[in-house]
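Chain residues, written in single-letter form:
2 protein chains.
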Amino acid sequence: MKRAGKQTLIFQNPPAILSSSAVVGPKEGEGPLKKTFDLVMKDTLCGEKSWEKAECKILQEAVKIALNKVDLKPEQVDFLLAGDLLNQTISANYAARQLAIPFLGLYGACSTMIESMILGSVLVDGGYADTVVAAASSHHDTAERQYRFPSELGVQRPLTAQWTVTGAGACLIAKGSGGPRITSATIGKVIDLGIKDQNDMGSAMAPAAVDTITQHFQDTGHSMDDFDLIITGDLASLGKALAQQLLERQGYLPGDKYSDCGILIFDPTQDTHAGGSGCACSAVVTCGYLMQNIRSGRYKRMMVIGTGALLSPVSLLQGESIPGIAHGIVIENENGYRDQKEM
Amino acid sequence: MKRAGKQTLIFQNPPAILSSSAVVGPKEGEGPLKKTFDLVMKDTLCGEKSWEKAECKILQEAVKIALNKVDLKPEQVDFLLAGDLLNQTISANYAARQLAIPFLGLYGACSTMIESMILGSVLVDGGYADTVVAAASSHHDTAERQYRFPSELGVQRPLTAQWTVTGAGACLIAKGSGGPRITSATIGKVIDLGIKDQNDMGSAMAPAAVDTITQHFQDTGHSMDDFDLIITGDLASLGKALAQQLLERQGYLPGDKYSDCGILIFDPTQDTHAGGSGCACSAVVTCGYLMQNIRSGRYKRMMVIGTGALLSPVSLLQGESIPGIAHGIVIENENGYRDQKEM
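One line per chain: the protein sequences are A and B, in this order. Going by the working numbering, the letters in the first sequence line up with residues 1 to 343, in that order. Going by the working numbering, the letters in the second sequence line up with residues 1 to 343, in that order.
For the record, the hints were derived by calculation from the structure and aren't laboratory data. Ideal placement from N, C-alpha and C gives every residue a C-beta, glycine not left out. Check each hint, because a few of them may be wrong.
[As the list claims (entries may be wrong)] Below, computed lysine-lysine pairings styled on PhoX-like, alpha-carbon distance capped at 25 Å:
| hint | chain 1 | residue 1 | chain 2 | residue 2 |
| --- | --- | --- | --- | --- |
| 1 | B | 73 | A | 6 |
| 2 | A | 2 | B | 175 |
| 3 | B | 6 | A | 64 |
[To be verified] Derived coverage of chain B by chain A (criterion: at least 3 residues anywhere in the stretch with Cβ under 8 Å from a Cβ of chain A; other residues may be distant):
| hint | region |
| --- | --- |
| 4 | 94-103 |
| 5 | 245-259 |
| 6 | 278-290 |
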């Protein structure tokens, strides 16, 4: 059976994550996870003439580093699945041009990394591809000027706001063994409880995250007990607290098994307010910190839930609220995953 | 074997297109294909307060009509794969909120309809879904003001420009029989020959279209002779002529077997200059006219090549050229498809 319940895909030949990489900007490189990144850029322009070009470069670097780790060249990769936050996802498009890997562009806002890992796993598990790279990027300054105000204006940010992570994550998903396994995935619905404050995206996305987590439990019969870690993408402090409440209201007691990439990536002293956000938030934490911990065996089975706020500045100006989406993926330690399945 | 050559997926259990629908604006409803559309909107606002909201409504209508034809409700569909041209693909996001079908957002510019049909076919053929809706939309006025100038300004358009189609196409892809079959698909690379004129997108996309068509031939051993029709998404008159030249230079003589949705959808008297464009161009021609002709048996096997220009206004302002991408899908008449495979 390749689907459980309504929304969960079960991979019969769980694809392996052969390698992964996380490239970040200088601020992220000073944060608590600094030792888990493969490359920290010296500045936010990365030698380019614009932040947009810098973001595209970071994304390419992340893909190249992931491939270098296993001595693969871009032309040996079957497909690239990637996306980002910029209008018309230009970081991914231009990176795909440079890498010359057959390309499928995705847009799931900050859930894009997990969306690309899910579809990449489908292509590999289903036998359509041997090797797929899943990747996503974001950049603080490109996001600020596109969604809010140009950084140069120095507009004050409310304490509910999150800091878009500058960085990119990439992982090489392939058939066979040689790394953590992607064993199942839950594709989310768009959920909208009516929040209109674009400075509180975490709260807007929390209901979607909880819907996907609980749907995964319903579909598979699993519970919190079956996971060492359940981690959302970028709900940050407000959204995480709300998600926790919503989970508890439904009878799930996540306790300290539940965490959020947007909280892990920055230190409260870094003045990012509620925490991190952006496609790169879940991408670099998953491809760096989380992958290291699942490889080491600290986590035997975890669920990473990419969370996306599906607004645009235009939709907000036209009076719309902010819908959220969340896609979940279950990653298991390579040695542990068969035993875990018996549970 | 589920993949042939480098870039072509072969569907072992070719998914059926159980139903499809095409909804268009008034201008398209006056064009040569008017009898092939399911619904022609009376005006471009469709009773909404903005063109963006109208586009979202058109997309929802297209999905509902496709489902109504086979007496299905949105909650009976496993997954929705959709995208559009607007920043952050808001038409698809808000439509997915209203339809409440688990959702994967895509961005492939005007290739999005074919990208969604490919990934939808993978999910169904691979056994991960029983029913998937693939859909895409565009709207002339939302595209004009986002990419070029607000329609109200009345800026003169050069003769190389194309007219973004107002409309949406949707098709229901399912396992089993009951409609035309999707038998294979070729995922394209990003190709960029350096064109920077955003008023000549057809020429920018033509090299990608030809790359995907010839890759499909290389991967499968098929040739022009194996198809009744090879049709590109929205190269329009300039791009089509260029694609034809490039194909001939490689020894392929497409003759009158090769056509383009952007040429079919408007009449030269409609003052659209080079022809139609936008996600909806290939979407409504495929889901309307082409599907009728493949159902009737006029075409036994065709390849539809969705073509996308992967620029943004920002990337052009920063001096970038316009990269193109093209994804191809092979659709066969239900009764003919097994014989065709023997070829």
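Cross-check of the supplied hints:
1. B:73 / A:6: Roughly 15 Å separates the two Cα atoms, so the pair holds.
2. A:2 / B:175: holds (14 Å)
3. B:6 / A:64: Status holds; Cα separation ~20 Å.
4. 94-103: holds (count 7)
5. 245-259: violated (count 0)
6. 278-290: violated (count 0)
Against the hints set out earlier in the document, violations occur for numbers 5 and 6.
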